[in-house]
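A.B. asks: The residues making up each chain are set out below.
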Amino acid sequence: MTLTLALVQILNGLQFGLILFLIAAGLTLVFGVMDFINLAHGVQYMVGAYLVAAFTAMTGSFVAGLALALPAALIFGLLLEVLIFRHLYDRDHLDQVLATFGVIIFLNQAVKYIWGAAPLNVAIPDALSGAVEITDGMLYPVWRLVIIAVGLAVGLALYLVVNKTKLGMLVRAGASNAAMVSALGVNIRLLFTIVFGVGAMLAGFAGAMVAPILSVEPGMGDNVLILAFVVIVIGGIGSIRGAFIAALLIGLVDTLGRFFAPTLLKLLLDPSAASQTGRAIAPMLIYILMAAVLFFRPSGLFPSKQ
Amino acid sequence: MNNLVDLDTPASPALATPLRTSRAYVLPLIVFAIFALVPLSVLWGSQSFILALVTRIMILALAAMSLDLLIGYGAMISFGHAAYVGLGAYSVAILSSHGITDGFIQLAVALGVSLIFALFTGAISLRTKGVYFIMITLAFGQMLFFLGTSLAAYGGDDGLTLASRSMFFASNFLKNDVAMYYVAFGVLLGAYLLLRAIVASRFGRVLRGIRENPVRMEAIGFAPYRYQLTAYVIAGMIAGVSGFLLANQTEFVSPAYTAWQRSGDLIFVLVLGGLGSLHGAIIGAAVFSLLADILSHYTENWALIFGPILILVVLYARGGITGLFGSKS
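Top to bottom, those sequences are chains Z and X.
Positions in the first sequence are counted from 1; adding 7 to them yields my numbering.
At position 260 of the second sequence the residue is numbered 245 (my numbering), and the sequence of numbers has no breaks.
Take these hints with a grain of salt, some might be off.
[Claimed, not checked] Between beta-carbon pairs, the in silico distance windows are:
#1 Z/A13 - X/A241: 46 to 52 angstroms
#2 X/E285 - Z/N184: 44 to 50 angstroms
#3 Z/L159 - X/S186: 55 to 61 angstroms
#4 X/G194 - Z/S189: 56 to 62 angstroms
#5 X/L309 - Z/S189: 56 to 62 angstroms
#6 X/A182 - Z/T270: 40 to 46 angstroms
#7 X/A241 - Z/T142: 38 to 44 angstroms
#8 Z/I17 - X/F154: 54 to 60 angstroms
#9 Z/W122 - X/L309: 35 to 41 angstroms
#10 X/S281 - Z/L135: 28 to 34 angstroms
#11 Z/W122 - X/A241: 19 to 25 angstroms
#12 Z/R304 - X/Y167: 46 to 52 angstroms
#13 X/G141 - Z/N184: 43 to 49 angstroms
#14 Z/R304 - X/G171: 55 to 61 angstroms
Treat the hints as calculated values from the structure; they're not laboratory data.
The C-beta atom is built at its ideal place from N, Cα and C for all residues, glycine as well.
The whole structure should be built from the sequences, with the hints applied where relevant.
C.D. replies: What follows is the structure in structure tokens.
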């Protein structure tokens, strides 16, 4: 019984980790190529979820909603880039942090103004709304498996693009030394706009995918943003591979930690104290993990800069 | 961007040196004189909420001013400074819920806990640089936030209401809002003078030297790490005191005090007022709070105005409000 429960938790952790990866992938590239710290990346995730909710309600179909939401998220991201972020690339990190923080404040309030403070619900497409039996008697929702499959597929596609194409080569070169790439005649601004747009769309995509299983509400991007930063810092800024590994690590540690910490502590403490300390420690685990990683490797696991 | 670029970046003109001219004393003097006189306005019939509002401004200013030591003078962009406000506030609330209402004990615990947390997290964080430092301080702040939300015995998510304000010399004079006001005022003034002295001291000069060029400072025989860690601990402890005051003023604590958005607010306050001047933090806190207060009277969607203001300040008002009084040569 515990073994099946553990399996379910591992699947949940994987699913959570892959969602984090979708968000962190764009963030780490934007960070790596332009040295631009974008706190507003989390609202992109929120906007994706809201867009899919709105378009699904409009068209009556999640698939059509998603098909409309993705380009809309892309356009929205590019709009932010042109209007605000473009003016911040030459500024120091402090200015970037603050201005993008202002974008968060504004957009969180804007979605509350447009769609109301109450959470929205999005229905899972009928064909994928069931559950499958993964071991005897243990049901697991199909939609979560879909998220895992899609996350892995996007991860693979990104890996291929970044490692096997010319565009990917430029992105990697940009992450390692942007000034040199620019000096060699590559239009680094255009390259960056492409990276930014794709990153924004992936974050929006992540929001759209979780919209049916989480409540869509203002501020939903804020905590995810912090987790995405933890992921890219552990993985090493600018590294897709690092983001992938760190995202899965964070997803699994967080999910399994919440599940097992109280249980493991019962071996040491009496049950009520164990469950209380377990619940207190579990959410801190990933931050402790991050601190530990940075203590031994101050530039993350796979630093892309030399 | 490689390190060489950072090293040769000239300091922003807004990052001021200690006050030298007598003219430079005028602004802080005016600020403190206004604060000293605000309670009198209550005598002339202004409403008592003004008193509470200005007390909150001074508490916010205290936290932002301590952050100025890090960001303005030490170039250490901490994105987790609200954690110390939370530590100070929870020290009061938790002790008070166990019947320990003596203010000196609570204050000592607030200072002690802040010191330990700053020493421990600072020692780790300062091994990293730039963006990694921002992120790791953010992570430590979040760690405390989640610790706060899971403290079921002390209110968890919902927070905890204080039974009473702190007692000093077995007297509960802090219950009086005017007394509370002047305690906050006294602490702010004390912290200002202390930080001013620190900034002007040899220690402060070394800190500013490290801000400008850590490699050069190391080459002439200073270990940046120790100076930065000391500044980090001092700033954390002062922010802890602001948490002590905040808990007393609102008679309530909650994990929301340590949320990363509050750390963002502190940086906003600081940049709004002007980095590296200390009194800039006070002016920034006043403008920030008054703006939020006034806007929220007109519309519940005040954040729709607040966010763009923040963006515009960053893009166009370099040097903040104190930068407008430009007597910098």
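A.B. asks: All hints are to be evaluated individually against the structure, with a verdict given for each.
C.D. replies: To see whether the hints hold, each was checked on the structure:
About 34 angstroms separates the C-beta atoms of Z/A13 and X/A241, a value inconsistent with the hinted range of 46 to 52 angstroms. In this structure the hint that X/E285 and Z/N184 lie 44 to 50 angstroms apart at CB holds, the actual value being about 48 angstroms. At roughly 57 angstroms, the beta carbons of Z/L159 and X/S186 sit within the given window of 55 to 61 angstroms. At about 33 angstroms, the beta-carbon gap between X/G194 and Z/S189 misses the expected band of 56 to 62 angstroms.
The supplied range of 56 to 62 angstroms is broken by X/L309 and Z/S189, whose beta-carbon atoms lie about 36 angstroms from each other. Our hint of 40 to 46 angstroms for X/A182 and Z/T270 is violated, since their Cβ atoms are close to 53 angstroms apart. For X/A241 and Z/T142, the hinted distance range of 38 to 44 angstroms is satisfied, since their beta carbons lie about 42 angstroms from each other. In this structure the supplied range 54 to 60 angstroms holds for Z/I17 paired with X/F154, their Cβ-Cβ distance being about 58 angstroms.
Range check, Z/W122 to X/L309: Cβ separation about 39 angstroms, and the 35 to 41 angstroms hint holds. One distance hint, 28 to 34 angstroms for the beta-carbon pair X/S281 and Z/L135, is violated here, with the actual separation near 44 angstroms. For Z/W122 and X/A241, the Cβ-Cβ distance of about 23 angstroms falls inside the hinted range of 19 to 25 angstroms, so the restraint holds. Taken as a hint, the range 46 to 52 angstroms holds for the pair Z/R304 and X/Y167, whose Cβ atoms sit roughly 50 angstroms apart.
Distance hint check: the CB atoms of X/G141 and Z/N184 are about 48 angstroms apart, consistent with the given range 43 to 49 angstroms. At about 46 angstroms, the CB distance of Z/R304 to X/G171 disagrees with the hint of 55 to 61 angstroms.
Of the numbered hints stated above, those contradicted by the structure are hints 1, 4, 5, 6, 10, 14, listed in ascending order.
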